[in-house]
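Going down the list, the protein sequences come from chains W and C. Sequential numbering from 1 applies to the first sequence in the working numbering. Sequential numbering from 1 applies to the second sequence in the working numbering.
Just so you know, the hints here were simulated from the structure itself, not pulled from any lab data. Treat the hints loosely; a few may be bogus.
Because identical chains cannot be distinguished in the list, a pair is counted as satisfied if it fits within a single copy or across any two copies.
Claimed, not checked - Using 30 Å as the maximum straight-line C-alpha spacing, the simulated DSSO-like pairs for lysine-lysine come out as follows:
| # | residue 1 | residue 2 |
| --- | --- | --- |
| 1 | K226 | K422 |
| 2 | K38 | K91 |
| 3 | K422 | K469 |
| 4 | K304 | K422 |
| 5 | K383 | K291 |
| 6 | K226 | K91 |
| 7 | K71 | K144 |
| 8 | K422 | K349 |
| 9 | K447 | K291 |
| 10 | K423 | K71 |
| 11 | K280 | K383 |
| 12 | K144 | K375 |
| 13 | K71 | K383 |
| 14 | K423 | K469 |
| 15 | K469 | K383 |
| 16 | K291 | K423 |
| 17 | K71 | K304 |
| 18 | K447 | K91 |
| 19 | K291 | K422 |
| 20 | K226 | K308 |
| 21 | K469 | K291 |
| 22 | K375 | K71 |
| 23 | K38 | K349 |
| 24 | K422 | K71 |
| 25 | K38 | K304 |
| 26 | K349 | K423 |
| 27 | K447 | K71 |
| 28 | K304 | K349 |
| 29 | K91 | K104 |
Residue strings, one per chain:
There are 2 protein chains.
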Amino acid sequence: MLIYMLALSLNYDSVLLIPPSSTRLARDVMICVVMSNKVTPRRPSGFNEYLPGEQIEFNRLLDIVRRVYEKYGFAPLDTPDIELSEVLLAKGGGETEQEVYRFKREGSDTDLTLRYDLTVPLARYVAEHESDLIFPFRRFHIGKVHRAERAQAGRFREFYQCDIDVIGSNSPIVDAEFPVIINEIFGDFNFGEFTVRLNNRRILNGFFESLGLGEVTRDVLRTVDKMEKLSRDAITEELHRVGLSDDQIDQVLEFTAITGSNDEILQSLNGLTIDNPVFKQGVAEITTVVKTLRAMAMPEQRFKIDLKIARGLDYYTGTVYETVLDDYPQVGSVCSGGRYDNLASYYTKTDLPGVGISIGLNRLFYALNQEGVIKADRQSPAKVIVLPITESQNDYAAQVAASLHGAEIPAVLYTEINDLGKKLRYASRMGFSFAVVIGQDEVANSKVSLKNLETRTDETVSVDELAAKLR
Amino acid sequence: MLIYMLALSLNYDSVLLIPPSSTRLARDVMICVVMSNKVTPRRPSGFNEYLPGEQIEFNRLLDIVRRVYEKYGFAPLDTPDIELSEVLLAKGGGETEQEVYRFKREGSDTDLTLRYDLTVPLARYVAEHESDLIFPFRRFHIGKVHRAERAQAGRFREFYQCDIDVIGSNSPIVDAEFPVIINEIFGDFNFGEFTVRLNNRRILNGFFESLGLGEVTRDVLRTVDKMEKLSRDAITEELHRVGLSDDQIDQVLEFTAITGSNDEILQSLNGLTIDNPVFKQGVAEITTVVKTLRAMAMPEQRFKIDLKIARGLDYYTGTVYETVLDDYPQVGSVCSGGRYDNLASYYTKTDLPGVGISIGLNRLFYALNQEGVIKADRQSPAKVIVLPITESQNDYAAQVAASLHGAEIPAVLYTEINDLGKKLRYASRMGFSFAVVIGQDEVANSKVSLKNLETRTDETVSVDELAAKLR
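So that you can see chain W by itself, here it is in the shape it has in the complex:
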C-alpha cells in the first residue's frame, strides 16, 4: 500500500505528494516547502517595465527627444508626481476623476492624486511661480503620468509623456517651431517617413460661425475630428443629429474635403468668400506658419495642411498638430498638440497663452516593438568587456579597464571565476562587440588580445593603442 504525505497551505508554493518510502527525502522536501514561503514577484496589472535590451533602446529614444528639446532652448522642468486633488482636479470633469489615482493615505486626511498628464502640473507650476519666471517661458518635461484606465494591449496605466510648451507668446513664428522639432526628432528616430498634419482652430471656428452653427460648433468639431474613421454617410447622419441643415452639412463636407498641396489649400482658403474675422485670422496664421516652416528648411513633404484636424479638446484655439508615421498609420498620432489661449485660468487671473506638443513614447515603442522595428540585442551600454583569463591577471585587467574608462570608453571588467569559454559566452550573450582578453603572456608583454566578437577576429595590441583602436 502506498501512503502519501500531503503538505498544503495557501501560502506554500505547491502541493506535494510524498511517498513514505523516502522518509528522509520527505523531511528535506517538507523543510524546503516550509522555507519556500515566498511572495510571487509581480506588478499591478497595466504597469509595464522593460528588459535591459529594450530599456536601452527606449532610453535612446528619450535621449533624442531631450537633446532636440534642449537644442531649441526649452528648459527642463520636473514637478511632483503627486498633487493635491483640490488643485489638480480644479477643472472638474467626471471623466478625468474616474481615470486618476486619487487617494488618501491611511491615517491622513490629505486628498492626493497622481498627475495624469504634464499640462495641468505646468499650469499649476506657472501660476505658483509666476513672479519668478521669465516669459515667454519655454519648458520641456519628460516624466511619468498615471491613469487608472482599463488595462489593454498597448495601453498602460503608467507611461512617459515628453512635453514642450512655450507660455506667454502669441507669435505664430513660435507655432512653426513645433513641426520643425517633430521633424528633427522623428528623423533621428529613423522609423521611416512621417507627416506632420497642420490646421488652425480659428479656420474651423470662423467657418462654422459663418455658417451660423452657434452652440453646436463643438459637436461639429468633434464629428470633423472623426472624419477619417467614419464613412460619409455616418458623418452626414451625425451632423444631422446635431441639428445641421442639409445645406450646412454639404458646406461642412465640401470645406473639409479641400485637398491639394499646401499652397493649393492656402489658395483655396484665400479664394473662399467668408467674411469672418476669426476665419481670416486663422488663414493668416497658417500662412505665416507655412512661410516660416519653409524658412526653417522643414522638408515640404513632411508637413501637410489638413482641414479635418480638429484635436477634439475644447482647450485648443489656434494652430493644431498631429503626426503620423507613414508606414504605421495604425499607430495613430504619435505627437500632437496645439495653441491655447489660457493655460492656467483655474489658478491665476493672468492670461497665459501658449502652444505645445506631447509625445507618448511608450505606446509608440509598444507598437513598433510589435512590428519588430525595435532592435534590443545589446544588454549593456558598454561595447567592450575586459576578461582576465585567471585571477592572476585581475590587477592588470583592472589597470586596462581603468585606462579605457580614463579614455571615456564604456567598458565592463569581468572577474568571475570561470573558464574562458564561459567568459566569452557571457560576452556574446550580453551583446558586447569587443572582448579584451588578458592571459599571462599579455601581462608579460604589456599587451592585450583584442577580440572582435562580431567578425570573430583578434589581434594583439599594446595597452596604449587599445583606446585608439576601440574608438
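Chain C: place on chain W using the hints.
Then chain C, alone, in the frame of chain W:
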C-alpha cells in the same frame, strides 16, 4: 456716515471693504472678485520642485551620474512607481509601512504602495525576470521614490535615488569598482575634496564573534555606527546597557580606534591574533579591494579604511561604503552602500548576492544650495538667442536659427513684438551668453550682428561664419 459693502466667501481671494461713494468702482470690483474664484496653486507639503535655473543645475548632476554609471557598463532600468503592497512590503517591518504611501484607489480593492526605495523593486524585478536576465547583472536606476516622512528642511517626501548594483557576483574586484565610480562622479561634480570610507562587515562580525558577543552583535553594530556622533562615555554606557562586560567594551573601543594610513590599518588588522574565519575573510577581502583600487588608479587620499563604518542595516554582509564631502561634513554621507548576500530572498529561492551604492541627489543639492555652492543663473539650456529687430526680419531670423540648429548649436528664436532694448533685457535676464541681432542692414548684407552679452562687445559676421564663431 460711511457704509461699506462686504463681499466675503471662503472661496474668494479676499474680503473687500468698499465705500458707497464709489458705486461704479464697487460694481467692477465685485465682478472681479466673483470672477476670481480661483484655486490656489500649491503643492502638498514636503514636495519639492525647482525653478528652471536650479533644474538645469540639478540635471547637470543627474547627467554626470548617468554618464559615469553607463561608462562602467551598468544597464538602465526603470520600474513602475507603484507596486502591489503585498509584494513591495513582503519583508514587513512596521517602520517601513508607516513611512510609505500605501493606498487603495476609490472603488478599487487593489492595495498599492509607491516605492520607497529602488532596492526592493530591483529585488522584485530580478526575481520576476530571473530567467530573462544574464548574471552578473549590472543595472543603474535613477528614479523618484516617495516616503511619507515628517516634512522638515532638506528632507523631502519625494526625491531621486541614483542606484547601481551588480547582482550575481561574489568577486571583491567588483567591490572595488564602486569607490572608483564615486571618485569619478564626485570629481566631476566639483564640490571640493571628498573621502570614500570603506569597511567590511565580516571584519566587524568576525571580531564580535571572537569576543563571544553572540546575539547582541546587531546592537553593538548599531552603537559602533554612532561612534562619530557620541562621546566615549555615551558609547561605553550604551555598550554596557546592551550587556557587554568592561573587558569586551575595552576591546571594542580599542579595535574601532585603529587608525592610520590604509596600509597601516591593514597591517594592524593582520597583526591581530583573531582566529576567526569570518574575520579573516573580511580582512582578505578588504586587502583585495585596496589592491584593486590602486590598480584602478583611485587617488589614495580619497579612500580610507574606517573600522567604525557599519551601515546600520542588517542587510549588508561584506564591503560597506560611505562618502563624505570634506568641506561639508555636516551633510553626512552623500553616497553609501555595500555588499549583501541575498537580494531577493522574499521572492525567489535563488541566491542573489550583490553589491551596490545609492546617491540621494536632492538632499545633497539642497545642502549645497544652502551653502551657496550651486550656481543657477542660466534659465535656458541654450546660450544663444536670435533677435530680429522687427517682424520684417522674421524669415531671415528663422533661417539663421535653423542654420544654428543644423550645426547642433542650441539657440532660441525670439519673435515677440518689442523694442530692441526689451529684447536684449530678456536675453540678459535669461542668462544667454550671445545675442544674434538682425536688422534690415544685416538682411541686406547677408550678415548678423553677434553680441557677446558677457563682455558687451559686438561684431558683424556672415551667417556662414556664425556657427563656427559660436563654437
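Give the relationship of K226 and K422 under a CA distance limit of 30 Å: within one copy only, between copies only, both, or neither.
neither (58 Å within a copy, 45 Å between copies)
Checking K226 and K91: alpha-carbon separation at most 30 Å within a copy, between copies, both or neither?
Classified as within; 25 Å inside a copy, 51 Å across copies.
Alpha-carbon proximity between K291 and K422, which holds within one copy, between copies, both or neither at 30 Å:
between (61 Å within a copy, 26 Å between copies)
Checking K423 and K469: alpha-carbon separation at most 30 Å within a copy, between copies, both or neither?
within (22 Å within a copy, 49 Å between copies)
Regarding K469 and K291, is the shortest C-alpha distance of 30 Å or less found within a copy, between copies, in both, or in neither?
Close across copies (28 Å), not inside one copy (48 Å); limit 30 Å.
Treating 30 Å as the Cα threshold, decide for K422 and K71: within, between, both or neither.
Only across copies: K422 and K71 sit 24 Å apart there, 45 Å inside one copy, limit 30 Å.
Should K144 paired with K375 be assigned to within, between, both, or neither, using CA atoms and 30 Å as the limit?
Both, since 24 Å and 28 Å are each at most 30 Å.
Taking 30 Å as the upper bound on the Cα-Cα distance, should K447 and K71 be classified as within, between, both, or neither?
Cα proximity of K447 and K71: across copies only (22 Å, versus 43 Å in one copy).
Homomeric proximity label, K38 with K304: Cα distance no greater than 30 Å:
Neither: 57 Å inside a copy, 40 Å across copies.
Cα distance capped at 30 Å. Does K383 pair with K291 within a copy, between copies, both, or neither?
between (45 Å within a copy, 26 Å between copies)
Given a CA cutoff of 30 Å, do K71 and K383 count as a within-copy pair, a between-copy pair, both, or neither?
both (28 Å within a copy, 10 Å between copies)
Could you place K349 and K423 in one of the four classes (within, between, both, neither) given a Cα distance threshold of 30 Å?
between (66 Å within a copy, 25 Å between copies)
Checked against the numbered hints given earlier, the structure breaks hints 1, 4, 11, 18, 25 and 28 and satisfies all the rest.
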